[in-house]
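Can you make the complete structure from the sequences, with help from the hints?
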Amino acid sequence: MPNLKDLKNRIASVKSTRKITKAMQMVAAAKLRRAQEAAEMARPYAEKMAAVMGSLAASVGGGEGGPALLSGTGSDKTHLLIVMTAERGLCGGFNSSIVKLARQHIERLRGEGKTVKILTVGKKGREQLRRDYGDLSIGHVDLSEVKRLGYANAADIAGQVLDRYAAGEFDVATIFYNTFESVISQVPTAQQIIPAVFETGEGEAEGGPQYDYEPSEEAVLEDLLPRGVATQIFTALLENGASEQGARMSAMDNATRNAGEMIDRLTIEYNRSRQAVITNELIEIISGAEAL
Amino acid sequence: MADTMQFDLVSPERRLASIEARSVQIPGAEGDLTAMADHAPLITTLRPGVLRVEADSGEVTEYVVTGGFADVSGSTTTVLAERAVPKSEATSEVIEGYIAEAREAHQKLRDTPDTPHSVADAAAKMLADMEALKGHMMG
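Quick mapping for you: the protein sequence lines, in order, are chains A and B. For the first sequence, position 238 matches number 238 in this note's numbering, and the numbering has no gaps at all. For the second sequence, position 87 matches number 1087 in this note's numbering, and the numbering has no gaps at all.
If you are wondering where the hints come from, they were derived from the structure by calculation, not from laboratory data. Since the structure is predicted, the reported quantities are computational estimates derived from the model, not experimental observations. We treat Cβ as the ideally placed atom computed from N, Cα and C, and that holds for glycine. A couple of the hints might just be wrong.
[Claimed, not checked] FRET-style restraints, in silico, Cβ to Cβ:
id, chain 1, residue 1, chain 2, residue 2, range
1, A, A190, B, R1015, 26 to 36 Å
2, B, Q1107, A, N254, 51 to 61 Å
3, B, T1004, A, Q104, 47 to 57 Å
4, A, D212, B, H1136, 37 to 47 Å
Pasting the structure below:
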């Protein structure tokens, strides 16, 4: 049986752990609210962008001679996976679930004989993927210095990706991130961004007003496609940001509760052994007195 | 016939304005245009410039916008700008920052040997537009 002093020390240490996890939970809750607001504010832009590009893409068509970002390079041999994770740990299964999804994709694509390249955003994803797929990595984007995610960050990443695409380094790009559903549920998502995929809004194209385009449909589309890529990356970054905080909040809530239970258990054990010590001393005194 | 329309100005990070407007002057890629209620449906890309909105009350607000497009239809006008700031907040430093960025992009393209002419021209035009914008703002 551990002695009293050890128990006392352990209780003190678990108590201070609980304080830390409690504080982290509250910080995550505050950050989550901000992240959700940011995601909310970005929504009108992303929705409008998708709607206009969708109708444009439908009318211009992705046939031969169309913009490469829409029609693709004509092959799908080389895949670029953009894996977006957090810069920090202690957020439950947040990072692992993204990496797991990415792994499945990598294995499937390799099984089909495709070439896979990986671009990681966020430190945790790189650490987890480096062991098995370190040779596939073609780059890493570090966001650990970024206090507040801005569109500029997404535009930077998009710029890198587009440059590589223009240089013919890959044919298909897919982003991996967590979609924020609620504090307890984040869904790992894979989304293809190059060539662009649109949800075809049937009927809408027919019923909507007939637009004039300036300078021309093709020119507008050409201008919008790169922006669309940046917008999708930005949306993913924001979703990921909110998911990370949500995941951290529930992980820390759990940790706080576990610490509380542990403290209760240790306190009972402490009191029991304290009683046992007293009883022991009494027995010693009594038997000493009897022996006289 | 209604003489106002719903006007929205959104950037990727936030919605800057959502008001009933009488007219909106848009710096289109092919020249400025003013949208009023019941304008024919039109989508145009933007060049860097000043967006001028006249609210229903007659109040005029101006924004500096760069990149993006405008979607004009009969009853709504939506401007999606990559960057947009109210003119009152657009100090010369902000504009200088944009210009420096455009110049850098232009320089980078010029240094790349096999850049298509159209791309290099677009960068040069961007730079020129930015400088014109600065002249407009300061003058």
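Item to check | Q104(A) and T1004(B) - C-beta distance against the hinted 47 to 57 Å | outcome: 53 Å Cβ-Cβ, so the 47 to 57 Å window holds.
Item to check | Range hint compliance [Cβ, A190(A) to R1015(B), 26 to 36 Å] | outcome: Cβ of A190(A) to Cβ of R1015(B): about 29 Å, so the range 26 to 36 Å holds.
Item to check | Cβ distance range 37 to 47 Å for D212(A) and H1136(B), holds or violated | outcome: Distance hint for D212(A), H1136(B) is violated at roughly 27 Å.
Item to check | Outcome for the supplied range 51 to 61 Å, where the beta carbon pair is Q1107(B) and N254(A) | outcome: holds, 53 Å
Hint compliance for this structure: hint 4 is the single one not met.
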